[in-house]
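There are 2 protein chains.
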Amino acid sequence: MDPHHRSNLKIALNEPDKPFSTVVPCNRTAQPRSNYDRDYIGLDIGGTLTKVVYTMGSAVFLEKFATESIEEVLSFLEQLICRKELNFAHVVTTGGGSQKFNKSLSKLFTEKHGIPVLKKDEMESLILGLDFFIRDVDKEVFVMDHVTEKIRFLDKVSVKYPYMLVNIGSGVSILRVDGPGGQYKRVGGSSLGGGTLWGLLSLITNCGSYESMLQLSEQGDNRNVDMLVGDIYGTDYNSIGLKSSTIASSFGKVFKKEKNDTLRNNRDQVDQADIAKSLIYAISNNIGQISYLHANINNVTNIYFGGSYISAHKFIIKTLSYAINFWSKGDMKAHFLKHDGYIGAIGSFLTTAEHESASDNRSDADTISQKLDLTNLSETKPEFDYVESLSDDSSNA
Amino acid sequence: MDPHHRSNLKIALNEPDKPFSTVVPCNRTAQPRSNYDRDYIGLDIGGTLTKVVYTMGSAVFLEKFATESIEEVLSFLEQLICRKELNFAHVVTTGGGSQKFNKSLSKLFTEKHGIPVLKKDEMESLILGLDFFIRDVDKEVFVMDHVTEKIRFLDKVSVKYPYMLVNIGSGVSILRVDGPGGQYKRVGGSSLGGGTLWGLLSLITNCGSYESMLQLSEQGDNRNVDMLVGDIYGTDYNSIGLKSSTIASSFGKVFKKEKNDTLRNNRDQVDQADIAKSLIYAISNNIGQISYLHANINNVTNIYFGGSYISAHKFIIKTLSYAINFWSKGDMKAHFLKHDGYIGAIGSFLTTAEHESASDNRSDADTISQKLDLTNLSETKPEFDYVESLSDDSSNA
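Chains as they are written, first to last, in our numbering: chain A, 10 to 406; chain B, 10 to 406.
Simulated from the structure, these hints should not be mistaken for laboratory data. There could be a bad hint or two in this list.
For each label pair, taking beta carbons as the anchor points, the in silico distance ranges come out as [to be verified]:
| # | chain 1 | residue 1 | chain 2 | residue 2 | range |
| --- | --- | --- | --- | --- | --- |
| 1 | A | 245 | B | 164 | 39 to 45 Å |
| 2 | A | 340 | B | 233 | 40 to 46 Å |
| 3 | A | 255 | B | 35 | 49 to 55 Å |
| 4 | A | 163 | B | 156 | 36 to 42 Å |
| 5 | A | 196 | B | 196 | 55 to 61 Å |
Keeping only pairs whose Cα atoms sit at most 25 Å apart, straight-line, the calculated DMTMM-like set for lysine to aspartate or glutamate is [to be verified]:
| # | chain 1 | residue 1 | chain 2 | residue 2 |
| --- | --- | --- | --- | --- |
| 6 | B | 327 | B | 158 |
| 7 | A | 121 | A | 230 |
| 8 | A | 265 | B | 145 |
| 9 | A | 194 | A | 80 |
| 10 | A | 109 | B | 81 |
| 11 | A | 194 | B | 187 |
| 12 | B | 252 | A | 240 |
| 13 | A | 112 | B | 187 |
| 14 | B | 252 | A | 77 |
| 15 | B | 265 | A | 48 |
| 16 | B | 165 | B | 120 |
| 17 | B | 109 | A | 220 |
| 18 | B | 342 | B | 80 |
| 19 | A | 265 | B | 245 |
| 20 | B | 265 | A | 80 |
| 21 | A | 252 | B | 164 |
| 22 | B | 128 | A | 80 |
| 23 | A | 194 | B | 240 |
| 24 | A | 128 | B | 245 |
| 25 | B | 121 | B | 158 |
| 26 | A | 338 | B | 340 |
| 27 | A | 265 | B | 133 |
| 28 | A | 109 | B | 240 |
| 29 | B | 165 | B | 147 |
| 30 | A | 109 | B | 230 |
| 31 | B | 121 | B | 147 |
| 32 | A | 112 | B | 230 |
| 33 | B | 252 | A | 133 |
| 34 | B | 265 | A | 280 |
| 35 | A | 128 | B | 240 |
| 36 | B | 109 | B | 94 |
| 37 | B | 342 | B | 77 |
| 38 | B | 159 | B | 340 |
| 39 | B | 265 | A | 340 |
| 40 | B | 112 | A | 245 |
These figures come from a predicted structure and were not determined experimentally. Each residue gets a CB set at the ideal place from its N, CA and C atoms; glycine is no exception.
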């Protein structure tokens, strides 16, 4: 969710230097090729981040931009579609911005370059993307043992329904997915998500990017600002099973009467890293509890967490895993994805492939699997390296 | 939860001017009287606030102190027990602080003044207090129509089990109460409560008290800082029933790349009142959803909200009412109390009365009802006036 972050592309692209409305020298050949030879592009325009997935031959590339800089996204895309070696049949869009920026997208792609813009439903794209990751990509999905903190990558496997999809972007959507092809219900959500973390920490800390907030939190100790059961009781609260280490009140220790003579004084008393850690803890725990409760009511045991809030960050994954295990008493399992932020973009992109493969009488999975080198995904997104650096316990599974 | 707030007592008490450890001239007579003539005192020492309930003859008084100034509480209590016209048989304590400050309490009351300290369980005190308010106090409990914002006070009525008790102090406890006498289970909770609001707003705003934070929020518009569905989509998201006015991400609009060159700059762009409103909205909505989910799983339809977070504040009550109605599709009902912060203190106090009335072969309700002028409660707590100022729709019920 860091707008300053640019993935290390396998093939270096020219940095966009002109807004899309100016005349860009275009080498686009626009010659029809077979579907099999076409390149694909999917665009998930969220409230905070725009996620772009596109192919060049067999390689797949992932990019993130700040949605508030939508001109930068459009400029990047225009440069991309104008490369003569690439041949995009459509630009597929999803997320709220596909609706909000509908006119700008049509003006650029359809009117200027003759490429149709296909608008796809956000929730259906998320489900398509997740199903694809589960079913077609080896070791994309992983689980964490919240005690040992070891992660285990899962082999690709047929999708088992129903499952819960908890997508944590700026806000949170919780879907119960009953089967492929739009069989889902949005059962809940929360306004406390990635946008909350980013917004509050931009007010309280000096961090200018999401990634720096996550890094800052790693040096923090939430117990300096959170009120624990032990802070209130001096001990455990045994009769209802609350340990002294349980967080009773997030930020409950921040306000001190004596120190609060001036605002500046109080703010200076508090370590920014502790605040960052506490807020990540609070938001992640909260999403974990709500996800469990909805899963319980819907009688579902497998929960998949996606969205750029997570960004494959170890502490967030651990907290969500712990919460699901704690509340469900071990009956439910939290799953994560290496490319958690790109589920919707991948899904939107697949809807085109699916459409085309249907006309070619091939399954979409076959088409994509044959066409793309999915291991290349691993080279284009830093978070993957982060997850890899965690101990992989697959061999002991 | 404002430590600077002191209730406007019916009988003016001397302000404490000496810490409890110094010698206080004591006029305590300590002569045994009949239970019926005794005065009662109950003390709920929470993580942030200490709530005191005591009687003087037939009048009942309610007081709040900051727990961090526990010496001030003890000094106040010592002055109280030393008044010659009062006769306290016990000091009853509950809340985490009754455990944490056990030694200080024993030293002052038992060792110095010969008054036994009775320690009561926090959750059981909450339930006793709530049952008492429902069953024995007319127009203490009320409900709000979240559309018209009209409130309706309820007459005292026999308690119907099971119900949910959601107590929002520094943190949140959610209890399913199945019957009187300890028939309950703590089914959930949240670390996002009053302490979170107070802590975060003490970092972001210039407010020095909880009451001033609530007042500040009344001038705010959360739409300036929250990202709405309409901000993302430009319209409703009809296929899943999300209106454009729905909050997608709390604080999701705070971070702006252009404005975030320096922290100070970004913070100065944001109105403190908008932040206060947004945070109250977010925390209240979140508690509402979690409460609904636990009530759903436990098959309970009546939910009672208590705790000093609410402080009979209109916007909090409205948000909780709306959330319960929205999630339950009207099947569940949110109830509130005029003296929401004192449920535990009243409950602890009743455990003594209950004990004594049993030995006197009278029911505790009879004892208390005969002894105390419960309408006097209304004169000792400002929040009551606040609630009264809301339109009372009782006549149309």
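Consistency of the hints with the structure:
The beta-carbon spacing between residue 245(A) and residue 164(B), approximately 41 Å, falls within the hinted interval of 39 to 45 Å. At about 42 Å, the CB distance of residue 340(A) to residue 233(B) agrees with the hint of 40 to 46 Å. Evaluation of the 49 to 55 Å hint for residue 255(A) and residue 35(B) yields a failure: the beta carbon distance comes to about 40 Å. Between residue 163(A) and residue 156(B) the Cβ separation comes to about 48 Å, which falls outside the hinted range of 36 to 42 Å.
Between residue 196(A) and residue 196(B) the CB atoms are about 20 Å apart, so this pair departs from the stated range of 55 to 61 Å. For a cut-off of 25 Å, the pair hint linking residue 327(B) to residue 158(B) stands: about 7 Å separates their Cα positions. A distance of roughly 53 Å separates the Cα atoms of residue 121(A) and residue 230(A); the hinted pair therefore is violated under the 25 Å criterion. With a CA separation close to 38 Å, the supplied pair residue 265(A) and residue 145(B) exceeds the 25 Å bound.
Straight-line distance between C-alpha atoms of residue 194(A) and residue 80(A) comes to about 34 Å, which puts the hinted pair past the 25 Å bound. For the suggested pair residue 109(A) and residue 81(B), the alpha carbons sit about 57 Å apart, so the restraint of at most 25 Å is broken. The suggested pairing of residue 194(A) with residue 187(B) is violated, with an alpha-carbon distance near 33 Å, which exceeds 25 Å. Annotation: proposed proximity of residue 252(B) to residue 240(A) is violated, straight-line Cα distance about 42 Å (limit 25 Å).
The suggested pairing of residue 112(A) with residue 187(B) is violated, with an alpha-carbon distance near 57 Å, which exceeds 25 Å. Only pairs whose Cα atoms come within 25 Å are accepted, and residue 252(B) paired with residue 77(A) is accepted, the gap being roughly 22 Å. For the hint linking residue 265(B) to residue 48(A), the alpha-carbon distance of about 34 Å lies beyond 25 Å, and the restraint is violated. The suggested pairing of residue 165(B) with residue 120(B) is violated, with an alpha-carbon distance near 41 Å, which exceeds 25 Å.
Between residue 109(B) and residue 220(A) the alpha-carbon distance is near 40 Å, which puts this suggested pair outside the 25 Å criterion. In summary, the hint linking residue 342(B) to residue 80(B) is not supported, as the alpha carbons are separated by about 40 Å, beyond the 25 Å threshold. A C-alpha spacing of about 43 Å is found between residue 265(A) and residue 245(B), which places the hinted pair above 25 Å, so the restraint is violated. With a C-alpha separation of about 15 Å, the suggested pairing of residue 265(B) with residue 80(A) holds against the 25 Å cut-off.
Pair hint residue 252(A) plus residue 164(B) does not hold up; C-alpha atoms about 39 Å apart against a cutoff of 25 Å. The straight-line distance between the Cα atoms of residue 128(B) and residue 80(A) is roughly 65 Å, outside the 25 Å bound, and the hint therefore fails. About 23 Å separates the Cα atoms of residue 194(A) and residue 240(B), which keeps this hinted pair within 25 Å; it holds. A threshold of 25 Å between alpha carbons decides the hint, and for residue 128(A) with residue 245(B) the separation of about 16 Å falls inside it, so the pair holds.
With a C-alpha separation of about 51 Å, the suggested pairing of residue 121(B) with residue 158(B) is violated against the 25 Å cut-off. For the given pair, residue 338(A) sits about 29 Å from residue 340(B) by alpha-carbon distance, which is inconsistent with the 25 Å threshold. Distance check on the hinted pair: residue 265(A) and residue 133(B) sit about 29 Å apart at the alpha-carbon level, beyond 25 Å; violated. The suggested pairing of residue 109(A) with residue 240(B) holds, with an alpha-carbon distance near 8 Å, which does not exceed 25 Å.
Distance check on the hinted pair: residue 165(B) and residue 147(B) sit about 5 Å apart at the alpha-carbon level, within 25 Å; holds. With a CA separation close to 23 Å, the supplied pair residue 109(A) and residue 230(B) stays within the 25 Å bound. In summary, the hint linking residue 121(B) to residue 147(B) is not supported, as the alpha carbons are separated by about 39 Å, beyond the 25 Å threshold. Of the pairs offered as hints, the one joining residue 112(A) and residue 230(B) is violated, with about 30 Å between alpha carbons and a cut-off of 25 Å exceeded.
About 19 Å separates the Cα atoms of residue 252(B) and residue 133(A), which keeps this hinted pair within 25 Å; it holds. For a cut-off of 25 Å, the pair hint linking residue 265(B) to residue 280(A) stands: about 23 Å separates their Cα positions. Restraint check for residue 128(A) and residue 240(B): the C-alpha separation of about 18 Å stays at or below 25 Å, so the hint holds. Proposed proximity of residue 109(B) and residue 94(B) is contradicted: the alpha carbons are some 31 Å apart, above 25 Å.
Annotation: proposed proximity of residue 342(B) to residue 77(B) is violated, straight-line Cα distance about 35 Å (limit 25 Å). Under the criterion of a C-alpha separation no larger than 25 Å, the hint pairing residue 159(B) with residue 340(B) is consistent with the structure, at around 19 Å. A C-alpha spacing of about 41 Å is found between residue 265(B) and residue 340(A), which places the hinted pair above 25 Å, so the restraint is violated. The straight-line distance between the Cα atoms of residue 112(B) and residue 245(A) is roughly 17 Å, inside the 25 Å bound, and the hint therefore holds.
Violated hints for the displayed structure, listed by number in ascending order: 3, 4, 5, 7, 8, 9, 10, 11, 12, 13, 15, 16, 17, 18, 19, 21, 22, 25, 26, 27, 31, 32, 36, 37, 39.
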